[in-house]
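So the protein lines, in turn, are chains L and E.
Numbering of the first sequence is given in this note's numbering, commencing with residue 1 and proceeding in unit increments.
Numbering of the second sequence is given in this note's numbering, commencing with residue 1001 and proceeding in unit increments.
Treat each hint with caution, since some may be false.
Said to hold, decoys possible - Calculated pairs, DSS-like style, for lysine-lysine (alpha carbon to alpha carbon, straight line, at most 25 Å): (1) E:K1018 - E:K1004; (2) E:K1018 - L:K79; (3) E:K1086 - E:K1009; (4) E:K1004 - L:K135; (5) L:K132 - E:K1004; (6) E:K1086 - E:K1004; (7) L:K155 - L:K214; (8) E:K1018 - L:K77; (9) L:K79 - L:K135; (10) L:K78 - L:K62; (11) L:K79 - L:K62; (12) L:K140 - L:K62; (13) E:K1018 - L:K75; (14) E:K1004 - L:K79; (15) L:K62 - L:K77; (16) E:K1018 - E:K1086; (17) E:K1018 - L:K78; (18) L:K155 - L:K140; (19) L:K62 - L:K24.
Claimed, not checked - Chain E regions said to be covered by chain L (calculated; three or more residues, Cβ under 8 Å): (20) 1014–1028; (21) 1073–1086; (22) 1106–1119.
As the list claims (entries may be wrong) - Selected chain E positions facing chain L (in silico; Cβ < 7 Å): (23) V1046; (24) D1047; (25) T1050.
Hints in this document: simulated from the structure, not taken from any laboratory.
Keep in mind it's a predicted model, so treat the numbers as computed, not measured.
For every residue, glycine included, the Cβ atom is placed at its ideal position computed from N, Cα and C.
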Amino acid sequence: MSIEAINEQLLRAIGVGVALLGRKTLQFHFHNDTFEEWFGNPNGPATLQDIFTDFDVEELNKSLNETGRYTTEVKFKKKRRTMVIALDFTATEDREPEIAVLVCQNITRIRELESMIDSYSMMVERNTREIKREKEQVEKLLLNLMPRSVYEEYKTFGVVTPQLYEPVSVLMLDFVGFSETVTTLDPSVTVTELNDIYSSFDRIGEQFGCERIKTIGDAYITVAGLPDPTPDHARATANAAIRFVRYLERRNASHPHQWQCRIGLGTGSVVGSVVGIQKYVYDIFGPAVNHATMLQSFSDPMQISVQDEMARALSEQFELENIGEKSISGMPDQPVWRLLDNRKGISAAG
Amino acid sequence: MSDKTLFEKYGGFSSVSKVVLAFYDTLLDSDEIGPFFDDIDMSRMVDHQTKFISSLLGGPASYSDVQLRQFHRNLDITNAHFDELKAVLEETLANHGFEPADVRIALEAIEARRELIVD
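Chain L with its partners taken away, still in its complex shape (with noise of 0.2 Å):
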């Protein structure tokens, strides 16, 4: 067999589409099986535009002229599978009578594939977000039951180790005939107007570097000094218990329901840690909340009763009234204060 033979033979079925065309008329000269087995054969003087209706010819003569090549695609069903074929004409040059080589390429897998991707990750992508937003409220959550630094060793660790904070102080709020209100009121409301209160004391404190530990019922808990230790920290819980009281009191002037409390500013020191495996909580213990439970109960309604020690640290910027000694969480008796809203006096006095 003759090397042109043997070249015939392998144009003929290798598994690429082989045409030739007359570049100024289009009809083709030769195709081989795989052409014809795509698009049929090109009988007698048939020309491009009889295998493939709708082509662009102008397009194919302007980038052939321009550039010696062009390419694009066709779609067709075989069967019900579409198959997508690229077309690639190359303009033979010095050659007369000039032809246009094509070259199709069944590129259908390519473009399952294409699409099989495109559904992936589009499904992917999907989860990806539903993840990242299921992960921020767990954080959320989270962060809703222990201060930001603590959670984030709780992330890193998994664990938290219990921490000594000192000196501290502890501010500690109840509010007076709670569970006459929890009766007579809807516990719809009583949820609401609480869930609204505690969320503005969340915000006051935070203000002035308050971290609220808990609330437990409408026993409400907050913390200066912790994480981060502050030389502030009694100054932070007394600015803090102020506005608590000066809110309360504008609120009660335009509610129709009236919200009393009690606060007892204590200093000392707490343990921080993480309580429980399954329904874990942030939570502090130490005779800094045992000092503070114990003076909010010596306050008289809309009053804030404030620790010796502590007052001693706050004399110079607020106004504190002594209120007798008392005996606190079994220690001997010592004096105890109540802390004034300068403000208050101010304006009154002017």
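Could you slot chain E onto chain L? The hints should help.
This is chain E only, laid out in the frame that chain L set:
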């Protein structure tokens, strides 16, 4: 018992993609089920098969019962069509090295949805 889905067990998307393409080829060639896809655009068909196989194997897609019913409404799908699809799926999974017990799990999963698909 491990919590791995079949999707994970058989190597995730890189392996499952081969199952999807084989399934797609066989479906198109099938004279019983193929005609349902005569007028369906290729990318939609591939999208559908990708999601179908992924959700069947516990991958990152899931069709709700309502969606399944909606997709197959008014298509006149008979029990014979459904059985043929199951046979195609069984063969495809087996050809891709799925263990018989896992093929059974997948077949049970689609059998549970027969009512939603057959008219």
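Do the hints match the structure? See the list:
1. Between E:K1018 and E:K1004 the CA atoms are separated by roughly 20 Å; this keeps the pair inside 25 Å, and the hint holds.
2. As the CA atoms of E:K1018 and L:K79 are separated by approximately 22 Å, the hinted pair is consistent with the 25 Å bound.
3. Among the hinted pairs, E:K1086 with E:K1009 is consistent with the structure: their alpha-carbon atoms are about 21 Å apart, no more than 25 Å.
4. For the hint linking E:K1004 to L:K135, the alpha-carbon distance of about 21 Å falls within 25 Å, and the restraint holds.
5. In summary, the hint linking L:K132 to E:K1004 is supported, as the alpha carbons are separated by about 21 Å, within the 25 Å threshold.
6. Proximity of E:K1086 to E:K1004 is assessed by CA-CA distance (about 23 Å); at most 25 Å being required, the pair is judged to hold.
7. Proposed proximity of L:K155 and L:K214 is supported: the alpha carbons are some 21 Å apart, at most 25 Å.
8. Between E:K1018 and L:K77 the alpha-carbon distance is near 22 Å, which keeps this suggested pair within the 25 Å criterion.
9. Simply put, L:K79 and L:K135 have alpha-carbon atoms about 48 Å apart, too far for the 25 Å limit, and the pair is violated.
10. Restraint check: the Cα-Cα separation between L:K78 and L:K62 comes to about 31 Å, which exceeds 25 Å; the hinted pair is violated.
11. Distance check on the hinted pair: L:K79 and L:K62 sit about 34 Å apart at the alpha-carbon level, beyond 25 Å; violated.
12. Straight-line distance between C-alpha atoms of L:K140 and L:K62 comes to about 62 Å, which puts the hinted pair past the 25 Å bound.
13. Among the hinted pairs, E:K1018 with L:K75 is consistent with the structure: their alpha-carbon atoms are about 23 Å apart, no more than 25 Å.
14. For a cut-off of 25 Å, the pair hint linking E:K1004 to L:K79 is broken: about 39 Å separates their Cα positions.
15. A C-alpha spacing of about 29 Å is found between L:K62 and L:K77, which places the hinted pair above 25 Å, so the restraint is violated.
16. Under the criterion of a C-alpha separation no larger than 25 Å, the hint pairing E:K1018 with E:K1086 is consistent with the structure, at around 18 Å.
17. A C-alpha spacing of about 22 Å is found between E:K1018 and L:K78, which places the hinted pair at or below 25 Å, so the restraint holds.
18. The hinted pair formed by L:K155 and L:K140 meets the criterion: a straight-line CA distance of about 13 Å does not exceed 25 Å.
19. The suggested pairing of L:K62 with L:K24 holds, with an alpha-carbon distance near 12 Å, which does not exceed 25 Å.
20. A count of 5 residues in the region 1014–1028 of chain E with a Cβ less than 8 Å from any Cβ of chain L is obtained; the coverage claim is therefore met, three being the minimum.
21. Coverage of the region 1073–1086 of chain E by chain L is violated [criterion: at least 3 residues with CB-CB distance below 8 Å; count 0].
22. With a threshold of 8 Å between beta carbons, the proposed coverage of the region 1106–1119 of chain E by chain L is violated, since 0 of its residues qualify and at least three are required.
23. Below 7 Å, beta-carbon pairs count as interface contacts, and E:V1046 has one with chain L at about 4 Å; its hint therefore holds.
24. A least Cβ separation of about 4 Å between E:D1047 and chain L falls short of the 7 Å threshold, and the interface hint therefore holds.
25. Checking E:T1050 against chain L: minimum C-beta separation of about 4 Å stays under 7 Å; hint holds.
Hints 9, 10, 11, 12, 14, 15, 21 and 22 from the earlier list are contradicted by this structure; the remaining hints agree with it.
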